[in-house]
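Residue numbers (the working numbering), protein chains in the order written: chain A, 1 to 363; chain B, 364 to 673; chain C, 674 to 937.
Just so you know, the hints here were simulated from the structure itself, not pulled from any lab data. No experiment lies behind these values; they were computed from the predicted model shown. For every residue, glycine included, the Cβ atom is placed at its ideal position computed from N, Cα and C. Be careful, since some hints might not be right.
Stated by the list, open to error - Label-pair ranges, simulated between beta-carbon atoms:
hint	chain 1	residue 1	chain 2	residue 2	range
1	C	F714	B	T659	44 to 52 Å
2	B	R484	C	P818	22 to 30 Å
3	A	P341	B	D395	51 to 59 Å
4	B	V418	C	V835	34 to 42 Å
5	C	L688	B	G532	39 to 47 Å
6	C	F924	B	V418	37 to 45 Å
7	C	T841	A	A267	25 to 33 Å
8	C	L681	A	D33	35 to 43 Å
9	B	D567	A	R305	52 to 60 Å
10	A	R234	C	T841	19 to 27 Å
11	B	R566	C	P857	53 to 61 Å
As the list claims (entries may be wrong) - Dumping the calculated DSSO-like pairs for lysine-lysine here, alpha-carbon to alpha-carbon at most 30 Å:
hint	chain 1	residue 1	chain 2	residue 2
12	A	K111	A	K38
13	A	K270	A	K307
14	A	K251	A	K307
15	A	K161	A	K177
16	C	K676	B	K482
17	C	K900	B	K521
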Amino acid sequence: MNLVASSAKTNTALHLSGIIKRFGEHEVVRNLDLEVRKGEFISVLGPSGCGKTTVLRMIAGFEHPTTGRILIDGSDVCRLRPDQRNLGMVFQTYALFPNMSVAANVGFGLKIAAMADRDIQRRVAEMLELVGLTGFERRFPYELSGGQQQRVALARALATKPAMLLLDEPLSALDAKIRLSLREQIRDIQTELGITTLFVTHDQEEALSMSDRVAVMNSGRVEQFGTPLEIYNRPATRFVASFVGTLSVLKATLLDPASGAVEVATATLKNLEIPQGLARGDHISLAVRPEAIRFGVHKGDAILRGKIAGVGFYGSVIRVRLLVGNETITIDIFNTPLSPPPSRGEDVDISIDPNSVFVMRAE
Amino acid sequence: MSVSEKDVPELGISEPSKLPITRRASALRRLDWSALIGVAPFFIFALVMMVAPTVALIANAFVDHQGHLTFGNFADLNTPEVAGAFAESIRLSAASAVIGAVIGLGLALTVGRGIRSTKVRSIVMTFCGVASNFSGVPLAFAFVATLGRLGLVTVAIKAAFGIDIYAAGFDLASFWGLTVTYLFFQIPITITIMMPAIDGLRRDWCEAASILGASSWQYWRHIGMPILWPSLLGTLALLFANSFGAIATAYALTGYAVNIVPIVLYAQIRGDVLHNESLGAALALGMIIVMAFANTVYLILRTRAERWLR
Amino acid sequence: MIKTMHLLRWTCLSLGVAFFLMPLISTAEFSLSLRRDGYSFDAYRYVFADPDFISSFSYSALIALCTIFVGTILVVPTVYLVRLRLPWLRPAVEFIVLLPLIVPPIILVFGYVRMFSSSSLLPLTGTSRGSDILLICGYVTLALPYLYRAVDTGLQAINARVLTEAATILGARPITIIIRIILPNILVSVLSGAFLTFAVVISEFVMASLLTRPAFGPYIQRVGVAKAYEPAALVILSFFITWTAMGLVQFLARFSPNVQRESK
């Protein structure tokens, strides 16, 4: 009882506590806790099958948690049907009603709520302007492109002024270019309206670029819940480190936990941050982001020597594959006209800032 | 100043008469002759064994006994017997089509959406395939064995409830008896056609409607039924056409008792009553017009439904 | 609430099942009641012993096979060639395939009787062989929509155009392509159409009777008029034959090759 009252006073729009979902023998969501503040844009990021869509569907009301509570704006919604929860949802497959025009689609929720026709018309026009589709009122879904359909779906979801907006991989079915522009549009609209938003995706670029906070899920659990910067720069687990962004991983042996000295491919690196529980002689993995490695010798950094195995041109970024010992690591450098990219077969020195190395137990 | 060669336009000035012929010849050469020979048997068959007999028959509707051109046969169609037969045929076809469509839709919805078992569904679909082809003498006999005077159900009802349905006015060899018998294949045809349409009702439409606040009934009213409507109307048209052209069941069940167009036509061909072939031809034309109309309606509605659901 | 819906659904289904099973059960019961003092298979025994049964059934079966053969060799090359080389003919083919639905069999056979009567160019109705040919043609017409639909769907599912192009680049000639690549892959569709055709032909009555052919349909009608219990046995038999044919169609559907569909 107290919990409910206090949540209503605070800023919490959504509170999931102890959510477990089982389909027969298979546990899809394991003991999940999540708290979302009002007005936040939260991404739930994870690979296929990690349970993120199931979590969204439980919030919407299409699935029921086996145990656990879902509180929206402080009240338990378990007994409410999806049509009673006052939420907005955008589907991966757009789900526009094919027998209705764009205007009828957008106004559907308002018609169900028995709003006056003139008010519905006004609101529909407002929503279409918001998504940039003024003038499309009389078109039908089959006449629209994928991106246009999804924008109509967004307008439809927002028309009823829901308490929260749920998006289930809305951009997955779209072309790359449309995906990028729609990403920005969705974020802009969300900021303008200030509506609490939950965005499910498997694309980490989407999650990182759009969200206030990201929940990274794996096998039914949230492994880390933090800002994009935190997730990327300070991953809490090995999974988060490898799922978000690219990682270069080197095998090493721990020499001295106290001074942070490790041995990597005949070189010794010092001053690394060693996590608890590791002892001298343990096999460990060093993981580092491609952009944290620099060419040349820089004071204070850990220095390694390697041979260039391949150079890939990605436009603004040049990705270099370097053979260190008998492992390959990836280095990203900006494509600047001043310094020519390195060539295959060259022997080079690289510098790694010890602070940007993640030390993990070897697999 | 002299005109150089460059100034004279090239095409057409010198030999204009040759142009149309070369264009026609090259068009002919562009035809895929080997492929056309490959499809020729099909078209020859269609022409000789499908189009020609029908056209010859229809042509006969416009001549009289002496072979002179006349529209008299159509006037003869206005007799009470023939006009009555058309009316009766339309009544019968409409009745079995509407009842068949409604019941068929109900069953299709029950099996397609209500009951989620794939085993039940596949058995039902196979049965529908069988039942929609089960017509004519076997069907008539089966219904006689069920609802005839000594039929199993008739006897069972008398034994269990003491009601004699024949005394109450029911007769299998009548309009309604025939309608009920026709339902045995009309309902399966409906299920077969409507099932893909019902499958086409995507689950995310239902969920989207639900999130937007619609109850189950509101979903059906605003989205489900409107989407199914063209397919349903099309099915009605098809059922109508199917019933209109059917004769075997009617003949086996009611003989000449129920006066419908195919029976009248049958009599004309057999020469049982009035050996008037021109009249038969006029009848056939009348039937074809009705069938063509119904089938056109069906096709238009089907195309419309498909366009929406692209 | 959910329980009530569930009950309602199963009730509807049960009522439907009852309506469709009752005639079959009644007929089956009737067919077993030849002997006054209990159930027996006597009716079936008499039927199988009847020489007319064997002759009419084999006649219809033979006609069915001829229909399937003629229908297939007419439809398969046509559908394939129209798909690949003559797309502009497609409307014409679709129209022809639609004709059997607009012109009911009774009218078609009426047309045959007139056009091929003893006083015309091709007096087919005069001879029994000629009438057989007419019957086969009539049945091919009847089966055309089914055969066309089955083969067309099959060709679309295997993406015939792409397969043909791939085979051509590898050096195959058109005949080789049809025989070694297309036909094996649409065999399932062709067989589906064949079984459907068999089911339709076996129990057909109108055309066979009007062309006075000794087919199975008229035989059932004759027995229906003459005897009491044997027709019931025949009805059950005919139902099982149709059921087997349709069951085979469904069974075959599982083996249909499902290559990636052509993108629109």
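Now for the hints, and whether the structure bears them out:
{"no.": "1", "hint": "C:F714 / B:T659: 44 to 52 Å", "verdict": "holds (50 Å)"}
{"no.": "2", "hint": "B:R484 / C:P818: 22 to 30 Å", "verdict": "holds (25 Å)"}
{"no.": "3", "hint": "A:P341 / B:D395: 51 to 59 Å", "verdict": "holds (55 Å)"}
{"no.": "4", "hint": "B:V418 / C:V835: 34 to 42 Å", "verdict": "holds (40 Å)"}
{"no.": "5", "hint": "C:L688 / B:G532: 39 to 47 Å", "verdict": "violated (23 Å)"}
{"no.": "6", "hint": "C:F924 / B:V418: 37 to 45 Å", "verdict": "holds (41 Å)"}
{"no.": "7", "hint": "C:T841 / A:A267: 25 to 33 Å", "verdict": "violated (59 Å)"}
{"no.": "8", "hint": "C:L681 / A:D33: 35 to 43 Å", "verdict": "holds (40 Å)"}
{"no.": "9", "hint": "B:D567 / A:R305: 52 to 60 Å", "verdict": "holds (56 Å)"}
{"no.": "10", "hint": "A:R234 / C:T841: 19 to 27 Å", "verdict": "violated (59 Å)"}
{"no.": "11", "hint": "B:R566 / C:P857: 53 to 61 Å", "verdict": "violated (37 Å)"}
{"no.": "12", "hint": "A:K111 / A:K38", "verdict": "holds (27 Å)"}
{"no.": "13", "hint": "A:K270 / A:K307", "verdict": "holds (22 Å)"}
{"no.": "14", "hint": "A:K251 / A:K307", "verdict": "holds (17 Å)"}
{"no.": "15", "hint": "A:K161 / A:K177", "verdict": "holds (29 Å)"}
{"no.": "16", "hint": "C:K676 / B:K482", "verdict": "holds (21 Å)"}
{"no.": "17", "hint": "C:K900 / B:K521", "verdict": "holds (26 Å)"}
In this structure, the earlier hints numbered 5, 7, 10, 11 are contradicted, and the remaining ones agree with it.
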